[in-house]
Amino acid sequence: MIDLHGYGPRLAEGALITIELGILSLILAVILGLLTASAKMSRSWPLRRLATLYTTIIRGVPDLVLMMLLFFGGQIGINMFTDWLYTQFDVDIFINVNEFVAGVITIGLIFGAYMGETFRGAFLAVDSGQIEAGRAYGMTHWLVFRRIRFPQMMRHALPGLSNNWMVLLKTTALVSVIGLSDMVRVAAEASKATREPFTFMIIVAAIYLLIASVSEWGFARLQKRYDIGYGEAD
Amino acid sequence: MEALMNWLEAQLADNSIFTLQTLSYYGQGLTTTVQLVFLSLIIGLVMAVPLAIGRGSKKAWLRLPIFFYCYVFRGTPLLVQLYLIYYGVVFVEGIQESWLWVILEKPFVPALIAFTLNTAAYTTEIFRGAIKATPKGEIEAARAYGMSRGLMMRRIVLPSAFRRALPAYGNEVIFMLHASAIASVVTIMDLTGAARFVYARFYAPFDAFLFVAAIYLCLTFAILYLFRYLEKRLLAHLKPASG
Numbered sequence: 018m019i020d021l022h023g024y025g026p027r028l029a030e031g032a033l034i035t036i037e038l039g040i041l042s043l044i045l046a047v048i049l050g051l052l053t054a055s056a057k058m059s060r061s062w063p064l065r066r067l068a069t070l071y072t073t074i075i076r077g078v079p080d081l082v083l084m085m086l087l088f089f090g091g092q093i094g095i096n097m098f099t100d101w102l103y104t105q106f107d108v109d110i111f112i113n114v115n116e117f118v119a120g121v122i123t124i125g126l127i128f129g130a131y132m133g134e135t136f137r138g139a140f141l142a143v144d145s146g147q148i149e150a151g152r153a154y155g156m157t158h159w160l161v162f163r164r165i166r167f168p169q170m171m172r173h174a175l176p177g178l179s180n181n182w183m184v185l186l187k188t189t190a191l192v193s194v195i196g197l198s199d200m201v202r203v204a205a206e207a208s209k210a211t212r213e214p215f216t217f218m219i220i221v222a223a224i225y226l227l228i229a230s231v232s233e234w235g236f237a238r239l240q241k242r243y244d245i246g247y248g249e250a251d
Numbered sequence: 169m170e171a172l173m174n175w176l177e178a179q180l181a182d183n184s185i186f187t188l189q190t191l192s193y194y195g196q197g198l199t200t201t202v203q204l205v206f207l208s209l210i211i212g213l214v215m216a217v218p219l220a221i222g223r224g225s226k227k228a229w230l231r232l233p234i235f236f237y238c239y240v241f242r243g244t245p246l247l248v249q250l251y252l253i254y255y256g257v258v259f260v261e262g263i264q265e266s267w268l269w270v271i272l273e274k275p276f277v278p279a280l281i282a283f284t285l286n287t288a289a290y291t292t293e294i295f296r297g298a299i300k301a302t303p304k305g306e307i308e309a310a311r312a313y314g315m316s317r318g319l320m321m322r323r324i325v326l327p328s329a330f331r332r333a334l335p336a337y338g339n340e341v342i343f344m345l346h347a348s349a350i351a352s353v354v355t356i357m358d359l360t361g362a363a364r365f366v367y368a369r370f371y372a373p374f375d376a377f378l379f380v381a382a383i384y385l386c387l388t389f390a391i392l393y394l395f396r397y398l399e400k401r402l403l404a405h406l407k408p409a410s411g
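Heads up: the protein sequence lines correspond to chains S and W, in order. In this text, residue positions in the first sequence follow the working numbering: the first is 18, and each later residue adds one. In this text, residue positions in the second sequence follow the working numbering: the first is 169, and each later residue adds one.
Simulated from the structure, these hints should not be mistaken for laboratory data. Treat the hints with care, as some may be off.
Claimed, not checked - With a cut-off of at most 27 Å between alpha-carbon atoms, the simulated DSS-like pairs for lysine-lysine come out as follows: (1) 274(W) to 209(S); (2) 226(W) to 300(W); (3) 300(W) to 241(S); (4) 407(W) to 300(W).
A quick note: this is a predicted structure, and the numbers were derived from the prediction, not measured.
Using the sequences and the hints, build the whole thing.
Next comes the structure, spelled out in structure tokens:
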């Protein structure tokens, strides 16, 4: 059996943090992505400009730099804001940015930009006749979105979504740099303490591969579900 | 040069963070980043071509190990690969006594190895896709001319595959530039390393990181335009005909 020198439970906790972080930031990224895609397709030009600026900047700067900016800068920025509230309105609050929240926000913010591009392409791929048909039935905007655009859009978006999720999963490793005890950080500490880097790093790599394989299977099932009504004829 | 330096110093006179000294850190960081990215991309590219050909081979003993290599290196975070090589290299039997230790002692070479292996895995997949997409007719034509497999690869398959791979490879280059920020974690003074140093020294996260973000943004755009130009030149024959 592999000797983990008692780091087993902490490694498991770290793996749990990685998974939680991944899923929470995926949810945030999907919401931001939908908003960005809508903004990019909207008729108002300030919204379009804003969305383009957001995606360009996020995709042009390394994840790690953004993470450090938001994590180190975020606390100072919030402190400035609360100080200002205190001096101006006598409101005394203190907000502490914890690493987990900072991690979720940064990763969600980064991948929101990528998701936005994925969703925009997918929305454009939905046949406009479908939307017109929905309107003709007297459906409201929201109902058309929920019943017609979203389900058909997902079929086109899923390959990109699964790709983004795989990249996001690997990006979660970066939070170890800003001090969050995910499994990479635990493994790095354990490697230094026990002088057995291979044992710990290979275990961590195997866990990542496992998560990736499981989610690949999950996405294949989802794709099957959203493909209903397509491609069976031929 | 002297005049230029004086002018710069005058410009920066009332700036407490971006002095000539810190700017020189950023300058050295830029050099390190560019070196690291450029070297790993070149070596990775050279490795990826034979790997991509082998990845599509019919022989299982050749195909499967390459598949496994790509799967592992594409499926795990670069940070884990970097840690594995950076911390692991010390434990290779007898390495500290050999001449190799002189270069491996510094973090640059382990980081270069990790980056190269990572980008080679991604590039292999890109090339494999491009090689697979070669039109059947071109291969049949080459066969009909009596070309050997090697000649066909060299004259027919690879040149067109390279062109087809160009857009995806451009993305990989940008991805590598962004991934290189991780090098700062193992004490390399790259661009991000310089920003972290300035942040720690002056406790000015906005100045330090926004400045470096702007540099990365410029580099990204430079790569983007380079590849757009290359695509225009090399893929001109694939453009839809316009009136």
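Determine which of the earlier numbered hints do not hold for this structure and return their numbers in increasing order. Per hint list: zero violations.
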